[in-house]
Every structure is written in structure tokens, then in C-alpha cells.
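S.K.: Line by line, the protein sequences give chains A and B. Under the numbering used here, read the first sequence as residues 57 to 243, first letter to last. Under the numbering used here, read the second sequence as residues 57 to 243, first letter to last.
There could be a bad hint or two in this list.
[As the list claims (entries may be wrong)] If you only want the chain B side, here are some residues facing chain A, beta carbon under 8 Å, derived:
#, residue
1, 85
2, 87
3, 130
4, 162
No lab work stands behind these hints: they were computed from the structure. Owing to the predicted nature of the structure, the values given are computational and were not obtained by experimental measurement. Each residue gets a CB set at the ideal place from its N, CA and C atoms; glycine is no exception.
Protein chains: 2
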Amino acid sequence: MTSTDPTDYGFKKEVPDGDSLERHVCTDCGWVHYENPKVVVGSVVTHEDRFLLCKRAIHPRKGYWTLPAGYMEQKETTEEGARREAYEEANADIRILDLLGIYNVTHISQVQIMYRAVLDRPEFSAGEESLEVALFSWDEIPWDELAFPTVYWALHHFRDVRDQDRFVPFGNAEGELLKTSFEIMKR
Amino acid sequence: MTSTDPTDYGFKKEVPDGDSLERHVCTDCGWVHYENPKVVVGSVVTHEDRFLLCKRAIHPRKGYWTLPAGYMEQKETTEEGARREAYEEANADIRILDLLGIYNVTHISQVQIMYRAVLDRPEFSAGEESLEVALFSWDEIPWDELAFPTVYWALHHFRDVRDQDRFVPFGNAEGELLKTSFEIMKR
Chain A
57 MTSTDPTDYG
67 FKKEVPDGDS
77 LERHVCTDCG
87 WVHYENPKVV
97 VGSVVTHEDR
107 FLLCKRAIHP
117 RKGYWTLPAG
127 YMEQKETTEE
137 GARREAYEEA
147 NADIRILDLL
157 GIYNVTHISQ
167 VQIMYRAVLD
177 RPEFSAGEES
187 LEVALFSWDE
197 IPWDELAFPT
207 VYWALHHFRD
217 VRDQDRFVPF
227 GNAEGELLKT
237 SFEIMKR
Chain B
57 MTSTDPTDYG
67 FKKEVPDGDS
77 LERHVCTDCG
87 WVHYENPKVV
97 VGSVVTHEDR
107 FLLCKRAIHP
117 RKGYWTLPAG
127 YMEQKETTEE
137 GARREAYEEA
147 NADIRILDLL
157 GIYNVTHISQ
167 VQIMYRAVLD
177 RPEFSAGEES
187 LEVALFSWDE
197 IPWDELAFPT
207 VYWALHHFRD
217 VRDQDRFVPF
227 GNAEGELLKT
237 SFEIMKR
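Please take these sequences and the hints and turn them into a complete structure.
M.R.: The following block contains the structure:
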């Protein structure tokens, strides 16, 4: 089995001793599977005026373009995680500059921590999780083929502060930016 | 059993199919226990010139003073989590202002997301996880009885920007602040 749904295994939902919320508990051994939000770390990576994007080789949204980003692993910092993801997905050695934003994707319990980063030399190639990796100018970005709304948000938030050395990081997109991102994802 | 260590149950370490890292896998049913860093959400809460601190009623660091903060739960935003923790630990209805900092505590795989927040009315009391809750002026803060280095960092980072409406959030403490925080924790 490759499912990550506990109910596909020997788990039932109950409130463990000393807890206040229902959790998945193994009916055999009593192991409590605590689920907490997962951190996604990634970055808007630029080389000169172009943006590094990866075409996803894996589900969900296989074939769509995304930023180098993925689940943070144990014992690394958020910045280390963002650099590792760029290595894994794009064989790219990036330099993290600063925090761009924190996006809360509550329906899938994700906290996405996104940085601004630079690719000093235009050296990259598709990692195992990418079909293709490329640098796009702003106008060349395949806007109708982006994988997730937060990719759209991060690119636009990046553009809003592109000439600023110091800025307050963004939260979830609002207004027109939010609306447009969801319209694009529905196409 | 109440342990959260998978090796106390029927788990062994192995690399699952399609993965690159070793994970805890149940020897009975094949359930893969993916461990990812946990998000702690909290805030430096002030009422006028005083800081809201909670004396911990639970381990670790029982009896020491901390900020209202704790593990983020599923389906909430980081801001909602920080407000919930203030309710649970201090029966305090706080108003989140802005992001103070992101601290990476890699040896325990925690990402701590800390906000600035205000307690509009000085109404609070000890929640189940607190022995005592109180407002302290800066000079009254029990510096030698703080629970964690990040509590020390967050209070000092707050003070650095107390008169600023917009600022770049902090990362881990460096230099003297880092050194002093660990010296205090050893006492």
C-alpha cells in the first residue's frame, strides 16, 4: 500500500487520554497518529530578470509549472529546506535572500514559507520530480499552466517588492490577486 | 501507552518504495509514519507596557515562564493558532498585529512562528496548561525563570521594534542575544 490515509490501515478515530481532540489511533497497538500542519518551503528564484520554474513530474498537478518547493524535512531550517528543494527539483544551487511570505492553505493544512532567492549561474536541469526546468521572463511565464494558486501569489508578491531591499512579508493573497489565481487554476 | 516514540510500538526503520529517506514503518500493516517538522505558533502579547506570560503547568520546563504558544492544529491559520493558544493557556482574547519572527529550532524540528499581539482589556486567567498567568513590565520579567531561549529572543526582538509599524521579521537570535539566552537557560 502507498496510501497516506490512516483509515486505509488499522486506525480508528478516538480522543486519546489527556487530549481534547479526536486523533487516529491504531486498533492493534494504541499508537496515536498526531497530525499537524505540514510546512512547505520554497522560493521564487531569479537569474537576472528571469524566473526558475519546474514542470511537475508527479501528482498532484502533474505537467503543470511550479516553484522549487516541497515539504520541509526533520532537523533542517526553513532556509535549508528551500535550498534542498531547489537542488532536488532543479539541480539548482540557489542563494536565499529573504522571506517573501507565509501562506496558509488551511483546507490541506499547509503552511507555505516562501523566500526570495537568486540563481547566480544559469545552471540547472530537471530533477526526479520535474519533467522540465526553465527560466522564463515575466511575460513568458505559462500563467495558464501554473500548478497552484500560491505559485501565482508568490510570483506577484515578488514583483510587488522587486526593487525593495527591506519589506514586510506577505500573507495570503487578497482581492483581485486571490480571485484571478483561482480563475486561472480552473482552466 | 502514552509514548510518542514509534519504536515503542510496532515500527521499524526502513526506506519506503519511491522514497529516499528512512521512515518509521509499521511491521504489521505497512503504515508509513512520515515525520515532519512541527509548527509552533505564539505571540508576544502586551497590554499597555506590560507583557503577558504564562507559568507552565506541564513538562517540559514545568514551573517556568513562557509566551502563549503551542503546536498548530489542522485546518487553522498560523494567526488563528496563535489566538487559540492564548485562549487555551491564558483565557486571553488577543488581537494579532503582525509577524515578529520565524525561529528554527532544528534539534527538535520545530518552526516557531511568533506574532506581535495586543490584549485590549487586561482580562485573563490560568488555563489548564498554566499554573499562573501575569502581566509584567519589562523590568519585572522573570528573566532567570524563562522556559525556552526563543521566549527570550521573541521578547528582545519585540523590544527592538516596539516603536515600528513596519519591519522585517526576525530569524534566530545571533551574537550576544543568542549567547545570553543559553546562559540564562542553564541557571
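S.K.: Verify the interface restraint on residue 130(B): the C-beta must sit less than 8 Å from at least one C-beta of chain A.
M.R.: holds, 4 Å
S.K.: For the hint on residue 162(B), just tell me whether its beta-carbon gets within less than 8 Å of chain A.
M.R.: Check passed: Cβ of residue 162(B) comes within 5 Å of chain A, closer than 8 Å.
S.K.: Residue 85(B) was flagged as interface toward chain A. Is the shortest Cβ-Cβ separation under 8 Å?
M.R.: holds, 5 Å
S.K.: Under 8 Å, Cβ to Cβ, is where residue 87(B) needs to be relative to chain A, so tell me if that hint holds or is violated.
M.R.: Where the cut-off is 8 Å and the nearest Cβ of chain A is about 4 Å from residue 87(B), the hint holds.
Taken one by one, the earlier hints all hold for this structure without exception.
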